[in-house]
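Chemist: Based on the provided sequences and hints, a complete structural model is requested.
Residue numbers (my numbering), protein chains in the order written: chain F, 1 to 812; chain R, 1001 to 1206.
Quick caveat, the hints were computed from the structure, so don't treat them as lab data. Every residue gets a Cβ at the ideal spot worked out from N, C-alpha and C, and that includes glycine. Be a bit skeptical, because a hint or two may be false.
Now the in silico label distances, taken between C-beta atoms and shown as ranges [said to hold, decoys possible]:
#: 1; chain 1: R; residue 1: Lys1087; chain 2: F; residue 2: Lys715; range: 31 to 39 Å
#: 2; chain 1: R; residue 1: Trp1047; chain 2: F; residue 2: Trp592; range: 57 to 65 Å
#: 3; chain 1: F; residue 1: Glu666; chain 2: R; residue 2: Ser1113; range: 56 to 64 Å
#: 4; chain 1: R; residue 1: Thr1083; chain 2: F; residue 2: Gly775; range: 50 to 58 Å
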Amino acid sequence: MSKENSAPSKKKKGVSRRNVLKWTAALGGVASLSAGGLFYGLKKANRQPNSDEKIVWASCNVNCGSRCALRAHVSDGVVTRIETDNLGKDTYGSHQVRACLRGRSMRRRMYAPERLKYPMKRVGKRGEGNFERISWDEAYALVAKRLKKAIDEHGNESVYLNYGTGNLGATLSKSWPPGATPIARLMNCLGGYLNHYGDYSAAQIEYALPFTYGSGWVDGNTYADITNTELFVMFGNNPAATRMSGGGLVNDIVQARKKSGAKIIVIDPRYTDTAAVAADEWIPIHPGTDAALVCGLAHVLITEKIVDDDFLKKCCVGYDEDSLPEGIPAGNSYKSYILGKGDDKTPKTPKWASEITGIPEKRIIQLAHEIGRAKPCFITQGWGIQRQANGEQNCRAICMLPILTGNVGVQGGNTGAREGSFGIPFAGFPTLENPVKTSISVFGWTDAIVRGPEMTATRDGVQGRDRLIAPIKFIWNYAGNCIINQHSDSNRTHEILQDESKCETIVVIDNFMTPSARYADILLPAAFNLEEDDFAVCGWTSTMAYQIFAPKAVEPFFESRTVYDICTGVAERMGVRNAFTEGRTRNDWAHWVYAKQRANTPDLPENLDDAFTQGVFKYERKGKPAVPYKSFREDPKTNPLPTPSGKIEIFSKRLWNIAHTWELREGDVISALPQYTPTWEGVSDPLRSEFPLQLIGHHYKQRTHSTYGNVDWLKQVAPQELWINPVDAEKRGIKHGDMVKVFNKRGTVIVPAKVTPRIMPGVLTLPQGAWYTPGKDGIDQGGCVNVLTSQRPTPLSKGNPQHTNLVQVEKA
Amino acid sequence: MLKRPAFYIDMEACTGCKTCMIACIDKHDLPKGILWRRVSEYTGGDWNKDGNGKYHQNVFAYYLSISCNHCENPICVRSCPTTAMHKGPDGIVSVDHDKCVGCRYCEWGCPYSAPQYSEGLGKMTKCDFCRDYQREGKSPACVAACPNRALHYGEYEELADKYGSENLVAPLPSPNITQPNLIITPNRNAKPAGSQAGKISNPEEV
Ligand code: SF4
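Modeler: Quick look at the structure:
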């Protein structure tokens, strides 16, 4: 135990000795939590619950794509057990929102040894992790002083709110999107801050698909529609790891599969848990080559005339030469590109695709027949495919399959985008308007520290201005681990942050001493979500939406405070307390938000406390699954898409213009058509002679990105491992369980090997999110994939290509 | 209480998420190294290059979540020299800590690794089918936790009527040894018990 644990609080209204003792018990190990000192509760068969034991609704608010209800057992002010939704009969449609393994380990996370207890300021160099305890008063004054300095010297556009999803889905204490947090409200009272667009999950697809289908979120049919299809094809997409709730998509896919006669094919470099449970066939593919596969399939569909000509004529532009937009030279249609009549003079035959993707030619031809003949066919994609150096191309290309075969806007079909979701909106905490309109890509902040004012609209994707007017000097980082762990190229980021003359201040607000928290100048402990009242909104679902009302279960740990109270403290020092609070406490805002929500969903109880008692409210979606784009498909003239032509733009003139005006790095391609573009560190990069293996970083059940990455229970049941095929392992004398060294020019990671045929030869995968733990030599011992990933952004969205990496591996 | 409690696994629904394991650890405060429920990953298949240099494969994998099967003929009970290990009138096999001397014979006998030795106690520990929860009318922690509803429990005869009495799935041992109260609906990947098509590919996790 650290000295801090037993240090009495300096503050008068600090933490009582009694609480400290209880927490110390919680931290000290499970033995002392069990009633009567019984060793891990072996005699619990006869255990009487403590008389003060209560059960409180809670929620798991992380960026997993799901959201779950928890029931926290609280005894003597400490959470002693976690259960999940137990309401009703668990009939599908009003089923229980059962938490996954992570949510069930919540108390172990909440009381993890990394939990922050006091406000602290850095002593020593950034990233070393040496801090000194300070009071909240000192902390507020220090933040205010640094913030004033940044605004005075460099303007509001030098202040940046970093991406953070550690408390995603909450309402009052949400950490994402940053623009909806109390920190944004505070900054908006002070003249604003530099925005970002996109996110680390889906930057490329969010940017690219609107060129095809029109502005806004491009929707998909839901998994419930698997029951109405003949063939279900998943490009990547692994809900068994990325939508894990029993009230979420993994359960929806399992349930739908049972009712459906559809064949299910998973195309992925890795045999995922989704493939294992749901797929009839797995087709392994080289990472980053999905667009090449699509081209090969399109070649078969077009040459064998199994395309839906009516749909293409009526609803699309750019399929053939006749439907090219005005002013575009001949030879630029999709058909010309596929048949080799375009500029590159290369027919995209199945053989051509086979050489790139690694998929046997015969299988490509057969798959084209299957897709072409299934009526309907449901084609969906996950987001790993778009986190590639050619991600914008891959995701648009996949949409070509339903477009060519006319499966858009029909029951049992899909747009080719990720599957849809059914949800109900929840009222938000008002954050006022940001007077600053300048915005950078979510992935561009390290560049903006180094060369801010050199970054321009047409070279770096700056929005709202032609170029940045200031470098980033001050970073707010709330509940996020992108400072070092989840951003690419940890070693480069470390170098950049070491220079304190560049980014002058990093304020981290978090629950834990995360790898990113180690880079804080001022480190503030936030209350855990079980230590404050909040509302959690629904995660991704197919058939049932829900809301979770989670009251405070226990007092905030040591001196932690809610993010609202922290911002109020800073607001006061900055002279904007009244504008920030409008005279309301956090509790007042909770009632304010609840009243707003009741206006949307009047069946909620009048009294917030009653909602907290009931915990979960569910809404079943009745009838057939929704079909997005149905009205457009049926009558495109009356119901045009929000594209310039009103149609699906296979050829995008907007992209054509961008391609002709933006400055791109050598090798980067933006094209009007969705095409295959080989990339740096892709399957055909000559660099493979030195670093022969492609490396991706899959989502792993142990963590939600990096959240829960410090929980020992989870590490025990799902350890961090590098997946390597026996073919590659044998060549290097690597056996299952051996420690191996994975490296490229950017860094080195040491990690145990999982030798498994579930990853294809030539490809490694190191699950993303493990906590960066560099030794003195700079070699990471934690298994953090971002030591190996690159900060080079993708051409169009300037997003994160974190699955495009070449590496070598050897026995450590 | 049930007379002959049994677990039922629907492999069509099991994604290997291990929520059951964590629910079990949390409910029973299990210390590191003791896992009353374990999810094994059974994987097989080969990669072979064709004449064009393209790989072909027949890879498969599936998960099996196994705890104690509260067997009809429990070998742990048979091998216990002190009668500490016993099958109660409620059908639950459990350890009487007043009698257990920690000799570990039960551990060596059980083909499912259900009884596990606690260094701290110097005694054996094992799944008690959440007897306390069952008495309160609640499901065992693992069953109530299962996000995909793969794990169920109930009266053996009723489950057998509904789902048959199949439990011959690799890598499980022959049911003849202990007559486990375990019923399984295999999924399309499942290999029969005794198959050499794959192996337990996560030995470090179980
Ligand atoms: S991580 Fe996601 S799926 Fe798991 S309990 Fe939390 S919200 Fe649910």
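Chemist: Indicate, hint by hint, whether the structure satisfies it.
Modeler: Evaluated hints:
In this structure the hint that lysine 1087/R and lysine 715/F lie 31 to 39 Å apart at CB holds, the actual value being about 35 Å. At roughly 60 Å, the beta-carbon separation of tryptophan 1047/R and tryptophan 592/F lies within the given 57 to 65 Å, and the hint holds. A hinted range of 56 to 64 Å for the beta carbons of glutamate 666/F and serine 1113/R is consistent with their spacing of about 57 Å. Threonine 1083/R and glycine 775/F have their C-beta atoms about 52 Å apart, which keeps the hinted 50 to 58 Å range intact.
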